[in-house]
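Trainee: Add chain B to chain A, keeping to what the hints say.
Those protein sequence lines, which keep their order, are chains A and B.
When you read off a place in the first sequence, starting at 1, and then add 724, the result is the number in the numbering used here.
When you read off a place in the second sequence, starting at 1, and then add 6, the result is the number in the numbering used here.
Hint data in this document are derived by calculation from the structure and do not stem from the laboratory.
One should not assume that every hint holds.
Unchecked claim - To spell it out: a stretch of chain B is covered by chain A in this simulated footprint if at least three of its residues, at any positions, have a beta carbon under 8 Å from a beta carbon of chain A; those stretches are:
no., stretch
1, 170–184
2, 273–283
3, 397–411
Quick reminder that beta carbons are idealized off the backbone N, C-alpha and C, glycines included.
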Amino acid sequence: MRDRRVAFALVLAALLQTPAFTQTASVLQHGTSPLITFRILFMTGSAFDPTGKEGLASLTAAMLGEGGSRSKAYQQIVDEMYPMATSLNWQVDKEMTVFTGTTHVENLDRFYGLINDMLLDPGFRQEDFTRVRDEAVNFLKVSLRESNDEELGKEYLYNAIYAGHPYGHHNRGTVSSLQKLTVADVRAFYREHYTRANLLLGLAGNYPSGFAEKVAADLAKLPAGAPDGKRFEPPPLPAGSRMAILTRDTRSTAISLGFPIDVNRASPDWPALAVAVSYLGEHRSSNGYLYGWLREARGLNYGDYAYLEYFPRGMFQFTPDPNLARQQQIFQIWIRPVEVNTGVFTLRAALYGYDKFVRDGLSREAFEATRQFLTKYSNILTQTQSARLGYALDSRYYGIGDYNSYLRDALAKLTLDDVNRAIKQHLARDRMQIVIVTKDAKPFQDAVARNTPSPIVYNSPKPKEIMDEDAIIEAYRITVKPQDVAVVPVERVFQ
Amino acid sequence: MSLRRWLVVAALFVVAFVASRYGHAAGDATGRNLFTYPYNVDDLPNGLRLVTVPTDYPNLVALYIVVRAGSRDEVEPGKSGYAHLFEHLMFRGSENFTPEQRDAIMKGAGADTNASTNQDRTTYYVVFSKEDLDEVFKVEADRFQHLKYSEPAYKTESLAVLGEYNKNSAAPTQKLDEVLYETAFKEHTYAHTTMGYLKDVQDMPNQYGYSLEFYNRFYRPEYTTVLVVGDVTHDGALELTKKYFGAWARGSYEPKIPAEPPQMESRTAHVDWPSPTLPWLAVAFKGPAYSDETKDKPALDLLREIAFGENSDLYRRLVLQQQKLDDLGVDFGNHPDPELFTAYARIKDVKDVDDVRAQVLQTFARFTKENVDQTKLDATRSRMRYSFALRMNSSPAIAAALAPYILLKRTPDTINKVFELYQQVTPEDIRATAAKYFTENNRTVVTLATQAGTK
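With the rest of the complex left out, here is chain A (with noise of 0.2 Å):
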């Protein structure tokens, strides 16, 4: 593994340091497409914050996306795209922040003529700096920390396993952290990673002969620059189980758990742990383990999936946004709110269920029935001019080739043995970090301590094999010690 990581590290730097025609690394997807995409990549994301200034890489690209340039207000910015229907959206992670925008090839040139701008000669002026901030600050304290119970459980969970990491803080950063910004902060962050040496241009769809070249010329006027391309190590995460329960004023518990993982799509065994938690939780949909066996057989919630990789906004969306490629991920199993008095049980039941889907495996009829939904699935994945440019530039950054095809060839190749195998080798679970928000904490911490029973009534019969089951669920031991149960006052996450 260490050494794949360095080569893994050589190849990020060779290929962000391609002259190509005029020093501009790109992926181009020429096509038929009457709509231009752009993806205008900089391998640099909140891990680059300096400390202290956490949430700066998010507020810079913020002010690029949503500000105005040295020559255009924002105002103007705004009127000039309203015509044309588009906008320059940006996304940042934790080594990635891109820029994404579509036109109609009609409007090419004035669009393009308007995002060269404002990525290239931004205006950082202190009224958009102040907007920009205020909605991130409103973002973590009103949108993440009081109206989406999910998203809190699951950004948190990530703060708790890379504490003390440069992964440790929310992308957007802190609210403390984010009120001592200032526009020359925002400007010296600029200067110091949206360099060439960062920069992975991505453009598709029928764009006119020549304009690439442009475009790739146009960006080799940032400075040269020396590429971030940072080694980061898996987080210094304790060995034992943790919980943090996050407490605020709700009708219903959320439950987020997960721990670092050695895998990333660049290692060989991504496309055997990619079969495991598929078929263990596939993203929103009814054919993973855990939701047949947590919402369809027992009614406990919307539903239950698990993750190889970071997938923000999942309540929103049913396919990834690209861009978010990480040297780091971690294992995560989202378990939709349930009600109050079922919330001990359903983290029982989450762990046995993940207990002895570790144990057992998949079944061959397993195996091949999600090995074949995979090499599918990935047509769908992939399914807008959009996606399969940012699974391109991701499949630049990981060193993989055409996505869709690696995958194939990769499940082709897969046997049951390299599933199971993967999965006893990689999802072993002595450092799960548990994350709840609900608005008492002490059945969770009473289930700790003494093991407290959390028996369950249903309201309809259940077949002889899930009261059985269930018997042994109500008393499964939840392996945190009770010194390891942190409660933490919703007002102080993200703070």
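Mentor: Below, chain B without anything else, positioned relative to chain A:
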């Protein structure tokens, strides 16, 4: 459950009315007919309609089945939320396929399959590889005609619906909508949200018999349109539709949706929210129903952007200059009955609520008196045209864009007709339409803020 606004701004351009034929006619966005994909409409003797739209995107097929049953059809007291419950029950097995068998077929097809419900319709979809067309048609057709679920399975599924209510309940906007709609509507079933009242959701486990009746009423061919978009032929889709849906028996039920009497006074309500949030303001007027023949709805569709969009005077003032809001948007969907034109604002500081309300009300009033600028109107038409064209970027996206129109008029042609109306709307039409609907007596204002005393 449809995503009834999470943050309202996301809904700004939910629907617009132009299409460009992807891959073929780059310039068609300026043409007369805006939905330029060739399509076929076929009616079966039992009342089922098939709409087929072959595209040149390879491999994938999007099968959308739109049932004209939504929360609007829930006319009995205590029975809100059943259209949405049904969206769930349809995954609980049919006579010839258990849920596990259906799941296995969908998994084998590499399918993306789900469903959504709103006030007017329930939409089921499967996106899959073309080689599985026959199998997918067969399993889909079976559940529409031969749904079979036991009472215990019913009770368990009703808990998943409660789980859905729970996961939505953390957002103050769900409560804001509940109160807005029950304040604005006194007779019509739009008074309750698609999710339904919590007490009705909690009572669902006791209503197995009613659920069967609901199925018998609405899951009928005359309520249903099958939409097939993607790598298919018309002949192939028609043959499978006849084969698998041809024997479906027509029903006889017609819901009596109570008409909403004209509102005779301005209404207000306030929600005390138990945890910290930024205050929300919703200013709503009952607007016109969807029509592809009269100009009222198109005129207000255009005004919605001009008055409240990202380059409106109000947005410029409140979001960019004064920075009193971090969210301003409008919800004004296409519905068979008059629904709400609602401006939503999330206000950064509670002290500004009164001022923001005054500015929003002034904006509504202004456009009842002033004509919009012709240049701005033309730019807005252009925006709507390109907005639609930019959405048409895959077969599933085309199907998703068409499905709401299929509910309303059962044909893509309505898109072209509505766009014709957009072209005809004048500044004076917009002013006159605003003056007709944006009256004080037709208005409902709801605010939501953290309850006094909350930490």
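Trainee: Now tell me if each hint is right for this structure.
Mentor: Hint check:
Taking a C-beta to C-beta cut-off of 8 Å, the stretch 170–184 of chain B contributes 8 residues in contact with chain A, enough for the three needed, and the coverage statement holds. Given as covered by chain A, the stretch 273–283 of chain B passes the check, having 4 residues with a CB less than 8 Å from a CB of that chain where 3 are the minimum. Given as covered by chain A, the stretch 397–411 of chain B passes the check, having 5 residues with a CB less than 8 Å from a CB of that chain where 3 are the minimum.
Checked against the numbered hints given earlier, this structure breaks none of them.
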